[in-house]
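**Q** Residue numbers for the sequence shown follow numbering that gives the first Met the number 0, beginning at 0 and rising by one.
Some hints could be false.
Each computed EDC-like pair below joins lysine to aspartate or glutamate, with the alpha-carbon atoms no more than 20 Å apart [to be verified]:
no.	residue 1	residue 2
1	Lys119	Glu366
2	Lys137	Asp4
3	Lys337	Asp4
4	Lys91	Glu112
5	Lys337	Glu301
6	Lys247	Asp159
7	Lys260	Asp277
8	Lys204	Asp151
9	Lys404	Glu366
10	Lys127	Glu112
Hints listed in this document are in silico derivations from the structure and should not be mistaken for laboratory results.
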Amino acid sequence: MKQYDAIVIGSGQAGAPLAKKLALAGMKTLIVEKRFYGGTCINDGCTPTKTMVASARVAYLAGKCNDMGVTIKGYKVDMRQIKKHKDEILLKSRNGSLKAAESTKNLDVLFGEATFTGEKTITVRTKKDGLKEFKADKIFINTGGKPIIPHDIEGINEIDFLTSTTILDLEKVPEHLVILGGNYIGLEFGQMFARFGSKVTIIEKSSRILSREDEDISLELTRILQEENITIRTNAKVARFKQKDKGKITVTIKTGDAEEKIKCSHVLVAIGRAPQTDTLGLDKTGVKTDDKGYITVNTKLETNVKGIYALGDVKGGPAFTHISYNDYTIVYRNLIEKQNLSIRNRPLPYCMFTDPELGRVGITETEAKEKGLNYKVATLQMSHVARAIETGDTRGMMKAIVDAKTKKILGVAIVGTEGGEIMSVLQMAMEGGITYDRIRYCVFAHPTYSESLNNLFMTLED
0 MKQYDAIVIG SGQAGAPLAK KLALAGMKTL IVEKRFYGGT CINDGCTPTK TMVASARVAY
60 LAGKCNDMGV TIKGYKVDMR QIKKHKDEIL LKSRNGSLKA AESTKNLDVL FGEATFTGEK
120 TITVRTKKDG LKEFKADKIF INTGGKPIIP HDIEGINEID FLTSTTILDL EKVPEHLVIL
180 GGNYIGLEFG QMFARFGSKV TIIEKSSRIL SREDEDISLE LTRILQEENI TIRTNAKVAR
240 FKQKDKGKIT VTIKTGDAEE KIKCSHVLVA IGRAPQTDTL GLDKTGVKTD DKGYITVNTK
300 LETNVKGIYA LGDVKGGPAF THISYNDYTI VYRNLIEKQN LSIRNRPLPY CMFTDPELGR
360 VGITETEAKE KGLNYKVATL QMSHVARAIE TGDTRGMMKA IVDAKTKKIL GVAIVGTEGG
420 EIMSVLQMAM EGGITYDRIR YCVFAHPTYS ESLNNLFMTL ED
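Hey, can you work out the whole structure from these sequences and the hints?
**A** What follows is the structure, given as structure tokens:
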């Protein structure tokens with residue numbers, strides 16, 4: 000059995016930088032990865048999907064170019080070339096991350112599946128050398144999540160369904176793509192493939208897509224997607240699937256007591272993600288999980304077993320790369336720099352990369368109402384934003400929730416081109432305690448999207 004100071008299981012956006020920094024701090028460190036280095040973000044998430052979203056936007060703009068006085072004759076979507084372009088960027092990121100790890104002093108990289116055999120011991124099953132056993136005083140779990148597959152739906156195991164991973168490798172545009180789930184993953188892929196030329200139907204069991212967002216934000220994005228001929232069926236559940244031949248799938252949905260059959264060529268399952276903890280052997284360690292399998296941690300990201308930590312999606316909570324990365328900084332700075340940092344009350348910004356984007360941070364109007372806060376709401380349609388008018392894309396809206404007494408910004412939702420960037424401006428204001436009345440009269444460069452934050456807060460009466 001080989002002894003290390005630290006073992007990191009999983010090379011995601013918490014595990015990879017943490018392993019490197021621990022090694023550079025002098026700790027003999029092992030990082031174990033069962034699949035591809037870099038985790039979901041590089042291999043199945045942010046990097047490949049946002050690359051393909053960019054390709055889809057080019058296709059969309061090509062179709063709109065006549066409105067701007069530019070004529071393009073005979074353009075077409077080439078899925079094989081889109082996949083090739085995506086793979087080139089993905090592999091550059093993956094290989095760069097792996098090379099950086101392998102060249103780090105005190106850091107060993109091992110590919111294989113890790114399983115706990117005791118409180119601080121693991122075995123790793125490798126393809127080359129079989130089982131290997133390791134021990135460390137500090138163990139960090141960053142195994143991430145995986146797509147939830149609703150095996151209880153009749154016929155799902157008899158169809159060739161897609162997940163957010165397998166859909167990335169399609170080499171032909173689906174004729175008709177049915178998507179289960181009306182949240183970030185489903186909506187991004189839905190718009191993407193609609194722009195590539197697919198007929199798209201989104202099935203959502205809730206009364207509206209993005210059910211955690213305020214209703215006006217949800218409805219704004221619904222309208223935008225429907226304008227691109229995407230069919231959205233809400234209050235709908237899948238009753239069964241049936242597949243006769245490849246590319247011929249029948250999806251039966253129920254809305255109330257009524258049933259409807261939808262014929263399609265492809266089905267994408269995007270109803271959520273589950274933690275990858277089922278093969279870790281956590282029962283051998285005493286590490287506790289919740290009823291969904293997520294590892295429970297304290298505000299310092301340590302489990303109930305001293306010296307074992309969980310970071311990123313595997314611990315539950317918002318499943319975003321930037322949250323995983325922040326987990327790493329908290330753990331590293333507490334252990335090595337002897338800080339006393341916590342995940343309590345940290346900002347939780349996020350961005351959905353539909354086009355236009357949704358940038359969000361802080362509380363929603365619904366949450367402010369439920370908490371009984373004394374608040375005001377500022378809204379501004381993007382059709383009133385000069386930069387949006389000039390660039391020919393006035394879809395979306397800006398929304399901010401502010402404290403009526405202190406004038407501090409409590410929450411922001413931006414649906415619009417560069418929505419994530421605009422949101423980030425207001426996040427910095429929230430971090431710095433800058434009140435909305437100061438932003439109202441702040442001098443921004445003209446003409447920028449952020450300049451319209453002046454007008455957003457002009458809608459409020461003091």
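**Q** Output the indices of the hints that this structure fails to meet, ascending.
**A** The structure conflicts with hints 1, 4 and 7, although it agrees with all the remaining ones.
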